[in-house]
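*Asks:* With chain A held as given, fit chain B onto it using these hints.
Here the protein sequences come in this chain order: A and B. Numbered by the numbering used here, the letters in the first sequence go through residues 1 to 421 in order. Numbered by the numbering used here, the letters in the second sequence go through residues 422 to 663 in order.
Think of the hints as simulated: they come from the structure by calculation, not from any bench. These numbers come from a predicted model, not from an experiment. A portion of the hints provided could be inaccurate.
Claimed, not checked - Heads up, simulated EDC-like pairs for lysine to aspartate or glutamate below, C-alpha to C-alpha not over 20 Å straight-line: (1) Lys580/B x Asp92/A; (2) Lys155/A x Asp560/B; (3) Lys122/A x Glu565/B; (4) Lys302/A x Glu326/A; (5) Lys155/A x Asp188/A; (6) Lys287/A x Asp308/A; (7) Lys660/B x Asp151/A; (8) Lys660/B x Glu156/A; (9) Lys155/A x Asp145/A.
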Amino acid sequence: MSDSKNSASGVSEHTVSGASIMLEEVTKTYPGQKKSAVGGLTLEIPAGSIVMFVGPSGCGKTTTLKMINRLIEPTSGQIVINGEDVTTMNGDELRRRIGYVIQAGGLFPHMTVAANIAMVPKMLGWDKAKIAARVDELLELVSLDPELYRDRFPKELSGGQQQRVGVARALAADPPVLLMDEPFGAVDPITRQRLQDELLNIQSEVQKTIVCVTHDFDEAVKLGDWIAIFNEGAQLEQYDSPERILANPASEFVENFIGSGAGLKQLTLTRVNEVDLVDAITTTPGKRASDVLSQLQGAGRKLAVVLDSRGRPLRRLGRRQLSRMEIIEGTYDPGLPVVGEQATLNDALDTMLVASAEYALVTGRRDVFKGIITVQTVMEAIAAANSASDDHHEAPVGLNSGAINVVDIEVEPAERGGEPA
Amino acid sequence: MSKETKGLIYQLVAIGAAFAALVIWLVTADLTETERQTLDPATIWKYTQEHLQITLISTVIVLLIAIPLGILLTRPSLRKAAPAVRAIANFGQAAPAIGVIVLLAFWLGFGPKTAVISLVIYAILPVLSNTIVGLQQVDQRLVEAGRGIGMSQLAVLFKVELPLAVPVMLSGIRTALVLLVGTATLATFINGGGLGILITTGVNLNLNVVLIAGSLLVALLALTVDWIGRLVEQLARPKGLS
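Same shape as in the complex, but just chain A (with noise of 0.2 Å):
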């Protein structure tokens, strides 16, 4: 692992388990096709930190992905992980250090939950006994109850709960590599973005080097530490953190890709964590309510939250509720507005949109309650980030070789500026 790359990244305070990737040169033709897939692709992955791969479909981004754990073989160029050339090595062995999500998990669906999860460790030749153990604490990091979901089949979950037992799989052997294919793609907008924020709670407890493919920029800006922009044939148009590509967008190609939608990018830059949260009464089910109430009285305040046993939010409840309750009841209610600690303020606003509500409740790593944000927050944030300016961190390396391809990173933009990106 190489600690001066960490830096970069800005995560060095924690212990990175993550290994960098360097890719060299890599190109990809496919036999009868005169254009390269990939063209000459020379692209640094510092470790620990979260790649985003963003284009049109058909630029390659995928290519280039699967060119890491060589499901698609590099025609030339080379791979490094952590300093060791992968480039030759058996595949198969290779593919169990690296763990891989795709859309909707990819879950084999004649095998249970536990199954699924336990495939790397048994390939690996882990013992029973560890494997199960193993296998309880990833359902644990990706918010699930073994004892409820273990011995489940996979059509017995909903699209979100399918996708995190993908990355409770992926997660399995402790790769210090994630590589991520349009994860969320198959899932709605309120379930991706819990998965999102979940993602993000789990990488501050993990801290691997994830590389994930999407074709959806604000996700790119949300989970991305850097974000790789491609055009066709894994021409790099930029390699950047988010902050600065919405700043300076290095070309007419990327400023399309970005869209209009830039101009909130404060709401999609800030992170709810990033702001002051305003803490709340809680409470847990079986308490008095006539305590909580008097409670509430006292601070001023006009909602308490009922936490279950793990701190994990389970409803909230107004004076009024409250009045009427001897007894704190302890029943869930999905309409409550969550939202992850690490989810951007647009998500933020997005819930409280949804649930018709002036405030969210947030949550940090596995869903344990951290406190409230209000619209207010959210408006204040975003006046104080504005006038705010953003770190400077070096861009890791990325470019395309060949005296060609830098032609066609130039005429390409102008000639394709009228088309939406």
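*Replies:* Same frame as chain A, but now just chain B:
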């Protein structure tokens, strides 16, 4: 109780009832001496055993040829050959079974061996094409997911593709078995043995009771084999599917 389980029970009851009716009819009917000799239970049991033997041996050979062939024809390198091989297998089934059996007998000699060979030619198609279809309908993303987490091609085949193809493959095998039980009747024309002898005897000697009893027995045997096939399909269906 599921619809399939109910269907299985009805089918078993119907087979049992039909068999009981046949036995009662044969016991109470006014039979001639020749008829009684031909329909002697011990003799019928011997014919049935021969019949099942021919059927089972052919089935095993069919499985040994058609399943590996089907697997090979769905691998990327051989995928292009699949239509051609299926056309040949189609020809085997489309050719009249009686013609194939008799022609092969003139070439390879009379007896059970030739009967088995022609039956195999006849029954390869359903198993082959269901193996191919069963493997083709496996979601390619699952194959990719398997490869992506480091499973070898063989591991993906045995742990993902084949288990998911089992329901379709089994229904092809059941079709083949039923075809074989029916067609094994023709083995008698080349001294291959089996229940077909009751039918030919019935026709040749104008013994209607023997003819009807023979036909009914073959039909009941086919239905029983079909029933066993359905039962196996139910039990072997991977959990978590459907």
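*Asks:* Indicate, hint by hint, whether the structure satisfies it.
*Replies:* Each hint, compared with the structure:
With a CA separation close to 15 Å, the supplied pair Lys580/B and Asp92/A stays within the 20 Å bound. Our distance criterion of 20 Å between C-alpha atoms is met by Lys155/A and Asp560/B, whose separation comes to about 14 Å. Our distance criterion of 20 Å between C-alpha atoms is met by Lys122/A and Glu565/B, whose separation comes to about 18 Å. With a C-alpha separation of about 18 Å, the suggested pairing of Lys302/A with Glu326/A holds against the 20 Å cut-off.
Restraint check for Lys155/A and Asp188/A: satisfied, since their Cα atoms lie roughly 17 Å apart, inside the 20 Å limit. Only pairs whose Cα atoms come within 20 Å are accepted, and Lys287/A paired with Asp308/A is accepted, the gap being roughly 12 Å. Note on Lys660/B and Asp151/A: the hinted pairing holds, with a Cα-Cα distance of about 11 Å set against a maximum of 20 Å. Simply put, Lys660/B and Glu156/A have alpha-carbon atoms about 12 Å apart, close enough for the 20 Å limit, and the pair holds.
Proposed proximity of Lys155/A and Asp145/A is supported: the alpha carbons are some 17 Å apart, at most 20 Å.
Hint violations for this structure: none, all hints satisfied.
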